[in-house]
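Counting along the sequence shown from 1, when you hit position 8 you're at 8 in the working numbering, and nothing is skipped either side.
Quick caveat, the hints were computed from the structure, so don't treat them as lab data. Take these hints with a grain of salt, some might be off.
[As the list claims (entries may be wrong)] Computed Cβ-Cβ distance ranges for the label pairs, DEER-style: (1) Ser173 - Ile110: 30 to 40 Å; (2) Asn137 - Gln107: 19 to 29 Å; (3) Arg185 - Asn132: 21 to 31 Å.
[Unchecked claim] Under the rule of at most 25 Å between Cα atoms (straight-line distance), these lysine-lysine pairs were calculated in the PhoX-like manner: (4) Lys45 - Lys55; (5) Lys87 - Lys55; (6) Lys55 - Lys104; (7) Lys158 - Lys55; (8) Lys158 - Lys45; (9) Lys87 - Lys158; (10) Lys87 - Lys45; (11) Lys154 - Lys104; (12) Lys104 - Lys45; (13) Lys118 - Lys154; (14) Lys55 - Lys182; (15) Lys118 - Lys158.
Glycine included, C-beta positions come from ideal geometry on N, C-alpha and C.
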Amino acid sequence: MSSVPDSSSVSNQQVNFDLRAFCKVILHVTKYPQNPVNGVLLREKRKDKDAGSRKFVIQDAIPVLHMSKYTTPMMEFALTQIEQYCKGSDMEVVGYYQANESLKDNQPDIVALRISEKLAESNPNLIVVMINNDQLNSNLECAPFTLYQVNEGKLRPKEARINLLPDEDGALSTVSALIQAKSYRHLIDFDNHLEDISLNYWINPTLNEEIEQLSS
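Please model the complete structure; the sequences and the hints are all you need to start from.
Have a look at this one:
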């Protein structure tokens, strides 16, 4: 699907989330608290001269499903569209995120494994983010994420520090304000796009504006 990130991503013990990516993941889960949700994580493609010179930063997220997580054709269709979007915008898929339906179920399931294996064919350094549903609330105190990577046919925990950009307090404050303002109502995922193809789930322009306004 995308070019393989440089090998420095493998040994990097810090995974950085830009504000836009962090907010979209949290708001996707918040919008559909009774549903399993998933999506992909992006960053700009690195130029050869930049390889190894910049820290690993997840810059954006594309919300994909909230109704049909277990429907393989829908996920494959979405990934094909996302691949085309990435080619045209000089981005690459570097991660996958998922929240399970049950509040107490934060473990990756067979769906997470299969999708991650597919994405890892193009990017062996793929980061898998499982959402800790029991940590979600309108006043977040930390990023409710657990990280995994595909290793020998399994999703294994990845030891890495999660760093929120531009700073943790600011990111948590912004996403909490977005939740309280019910900005998640403006989030669009692939399932929404199927209902109305005029809706842009790749970029989520309205939500991007709200995130920028609150963080400025």
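Here's how the hints hold up against the structure:
1. Ser173 - Ile110: 30 to 40 Å: holds, 36 Å
2. Asn137 - Gln107: 19 to 29 Å: holds, 21 Å
3. Arg185 - Asn132: 21 to 31 Å: Since the Cβ atoms of Arg185 and Asn132 sit about 23 Å apart, the hinted range of 21 to 31 Å holds.
4. Lys45 - Lys55: holds, 13 Å
5. Lys87 - Lys55: holds, 22 Å
6. Lys55 - Lys104: Given that 25 Å is the threshold and the Cα spacing comes to 33 Å, the pair is violated.
7. Lys158 - Lys55: With Cα atoms ~17 Å apart, Lys158 and Lys55 stay inside 25 Å; holds.
8. Lys158 - Lys45: This hinted pair holds, its Cα atoms lying about 23 Å apart.
9. Lys87 - Lys158: Violated. Lys87 to Lys158 sits at ~28 Å, over the 25 Å cutoff.
10. Lys87 - Lys45: holds, 10 Å
11. Lys154 - Lys104: holds, 21 Å
12. Lys104 - Lys45: violated, 36 Å
13. Lys118 - Lys154: Distance ~13 Å between Lys118 and Lys154 Cα, so the pair holds.
14. Lys55 - Lys182: Answer violated: Lys55 to Lys182 is near 32 Å, above 25 Å.
15. Lys118 - Lys158: Answer holds: Lys118 to Lys158 is near 18 Å, not above 25 Å.
Consistency note: the structure conflicts with the earlier hints numbered 6, 9, 12 and 14.
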